[in-house]
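Protein chains in written order, with our numbering: chain R, 1 to 126; chain H, 1 to 126.
Just to be clear, a hint being listed does not mean it is correct.
[Claimed, not checked] Below, in silico cross-link-like pairs of lysine-lysine (BS3-like), each with a Cα-Cα straight-line distance of 30 Å or less:
1. Lys14/H x Lys14/R
2. Lys14/H x Lys85/R
3. Lys85/H x Lys14/R
4. Lys89/R x Lys14/H
5. Lys89/H x Lys14/R
[Said to hold, decoys possible] Quick look at which bits of chain R chain H covers, simulated, 3 or more residues with Cβ under 8 Å:
6. 35-48
7. 74-87
8. 92-104
[To be verified] Partial selection, computed: residues in chain H whose CB lies under 7 Å from chain R:
9. Cys13
10. Leu83
11. Lys85
Calculated directly from the structure, the hints in this document are not laboratory data. Yeah, the Cβ is synthetic: ideal placement off N, Cα and C, and Gly gets one too.
There are 2 protein chains.
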Amino acid sequence: MHRSRINGVLIDCKVDDIEAAARFWAEALGRPINPAHPGTRGNYVMLEDRPGEVSVQIQRVEHESRVHLDIETDDIPAEVARLEKLGAKVHERLERWVVMEAPSGQRFCVVRVQRAGFDTDANGWA
Amino acid sequence: MHRSRINGVLIDCKVDDIEAAARFWAEALGRPINPAHPGTRGNYVMLEDRPGEVSVQIQRVEHESRVHLDIETDDIPAEVARLEKLGAKVHERLERWVVMEAPSGQRFCVVRVQRAGFDTDANGWA
């Protein structure tokens with residue numbers, strides 16, 4: 001059995017200044033930037049986590065601006081296979097995560113466990 | 001003073017069959033469809049709420065598929081004015097909500113309070 005759940009909301013920004021984009025979203029959503037988070041590095045800025053809530057990360061990207069979801073799991077190959085059976089397709093396999101596309105057209109990523117509370121909150125898949 | 005916070009993640013689907021799209025996302029995210037939720041009607045399908053977590057709604061749309069965020073507030077005009085000061089622009093004012101666009105290019109909506117826990121969890125803006 002493996003497990004998975006929503007990890008977070010990723011705000012992909014096609015901008016030159018990722019800090020300015022992160023400041024906007026931090027103020028808009030009322031979640032300050034967390035400079036100490038391991039997810040804050042280079043083109044990535046994490047907003048502060050709220051207990052029990054999904055994470056929010058601002059990312060500088062080259063493609064058009066959009067919002068995407070990440071699914072976190074303790075077994076990436078098993079989760080990708082489960083999602084393929086549901087009709088999703090693999091767009092790109094990277095070293096540490098897999099980019100997939102839903103039958104309804106949205107890209108999302110399958111990532112390793114990142115957010116607190118996974119053990120008690122994730123869904124189990126036989 | 002008015003208040004606001006993230007309400008939820010909206011999965012906009014340019015599809016003919018919103019039920020099939022909702023079934024995919026329900027299985028993918030491990031959150032069953034909630035047919036009894038007032039947000040499930042016509043082109044909208046709500047997934048089951050998790051305590052303290054943002055809501056997830058699947059929407060049938062005519063524009064390209066994407067994911068967007070909603071911000072909920074007890075004062076829509078005040079919240080729109082706050083977000084405009086941060087650099088967001090109004091895209092469209094509808095009867096019950098306002099569609100805005102972030103400086104980083106993503107559309108999002110400002111809606112009235114919809115999710116449990118607003119009183120204890122929302123941010124206050126002077």
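message: Against the 30 Å threshold, does the CA-CA distance of lysine 14/H and lysine 14/R hold or violate the hint?
response: 23 Å, holds
message: Using C-beta distances, would you say chain H covers the segment 74-87 of chain R, given that this needs three or more residues below 8 Å?
response: holds (count 3)
message: Is the listed coverage of the segment 92-104 of chain R by chain H valid when you require three or more residues with a beta carbon under 8 Å from a beta carbon of that chain?
response: holds (count 3)
- prompt: Straight-line Cα separation of lysine 89/R and lysine 14/H no greater than 30 Å?
  reply: 17 Å, holds
- prompt: Are the Cα atoms of lysine 85/H and lysine 14/R separated by 30 Å or less?
  reply: Distance ~21 Å between lysine 85/H and lysine 14/R Cα, so the pair holds.
task: Mind taking a look at whether chain H covers the segment 35-48 of chain R? Criterion is 3 or more residues with CB to CB distance under 8 Å.
output: Violated - the segment 35-48 of chain R has 0 residues with a Cβ nearer than 8 Å to chain H, which falls short of three.
task: Decide if the proposed pair is consistent with the structure: lysine 89/H and lysine 14/R, CA atoms, cutoff 30 Å inclusive.
output: It holds: about 17 Å lies between the C-alpha atoms, which stays within 30 Å.
query: Does leucine 83/H meet its interface restraint, that is, does its C-beta lie within less than 7 Å of any C-beta in chain R?
result: Because about 6 Å separates leucine 83/H from the closest Cβ in chain R, which is inside the 7 Å limit, the hint holds.
message: Does lysine 85/H hold up as a contact with chain R if the rule is Cβ-Cβ below 7 Å?
response: 9 Å, violated
query: Given the hint that lysine 14/H pairs with lysine 85/R, does the C-alpha gap stay at or below 30 Å?
result: 21 Å, holds
query: Hint check: is the beta carbon of cysteine 13/H less than 7 Å from a beta carbon of chain R?
result: This hint holds: cysteine 13/H lies near chain R, its Cβ roughly 4 Å from the closest one there, short of 7 Å.
In summary, the numbered hints that this structure violates are 6, 11.
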